[in-house]
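Participant: Sequence:
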Amino acid sequence: MDAREQLTDWLEAHKDQKLMISKQEYATGMASITDSDQVSMTLEAVTFIDSENRDLDGYVANHELVLHGEGSIQGSEHATGPLPDHRFDIQLEDGMTISADGNQLIVETSRAKYFLEAEV
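Count the sequence shown with my numbering and you get residues 53 to 172, in order.
Please note that a few of the clues may not be correct.
Said to hold, decoys possible - Okay, the calculated beta carbon distance ranges per label pair:
1. Glu169 to Ile85: 15 to 25 Å
2. Val172 to Asn114: 25 to 35 Å
3. Thr86 to Val172: 27 to 37 Å
4. Glu64 to Thr86: 28 to 38 Å
5. Ser103 to Glu171: 14 to 24 Å
Keep in mind the hints are simulated off the structure, nothing from the lab.
Glycine included, C-beta positions come from ideal geometry on N, C-alpha and C.
Model the full assembly from the supplied sequences, consistent with the hints where possible.
Facilitator: Here is the structure:
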């Protein structure tokens, strides 16, 4: 099973459930965490966006996982607010690692590590 199938299977199994998502963004080279966000959302839908255009700077992801649903986000500055546009985006890349175990999913890229946990 490839990473995209593993992501899809886990997310489809937890649709209409409340997810707690923790995002830890790395500094260049994965040496330290520079930013973190906490998201609480009810997962309503999942979409993948694939871009044909390659970003030479590597700033814009060619593949993106979009989680749709109502929720809130708390950033590293402790400001809390509604989830913008009722969506949370995860930039995907070819070298990412996925680890799924029951109600927990970890997605790690060269830029960030995402911890997703479904409340049962």
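Participant: Now, for every hint given, state plainly whether the structure supports it.
Facilitator: Going through the hints against the structure:
In this structure the hint that Glu169 and Ile85 lie 15 to 25 Å apart at CB holds, the actual value being about 18 Å. Roughly 34 Å separates the CB atoms of Val172 and Asn114, a value that falls within the hinted 25 to 35 Å. Thr86 and Val172 have their C-beta atoms about 32 Å apart, which keeps the hinted 27 to 37 Å range intact. Between Glu64 and Thr86 the CB atoms are about 32 Å apart, so this pair conforms to the stated range of 28 to 38 Å.
A beta carbon spacing of about 32 Å between Ser103 and Glu171 contradicts the range 14 to 24 Å that was offered as a hint.
Comparing the model with each numbered hint stated earlier shows that hint 5 is the single one that does not hold.
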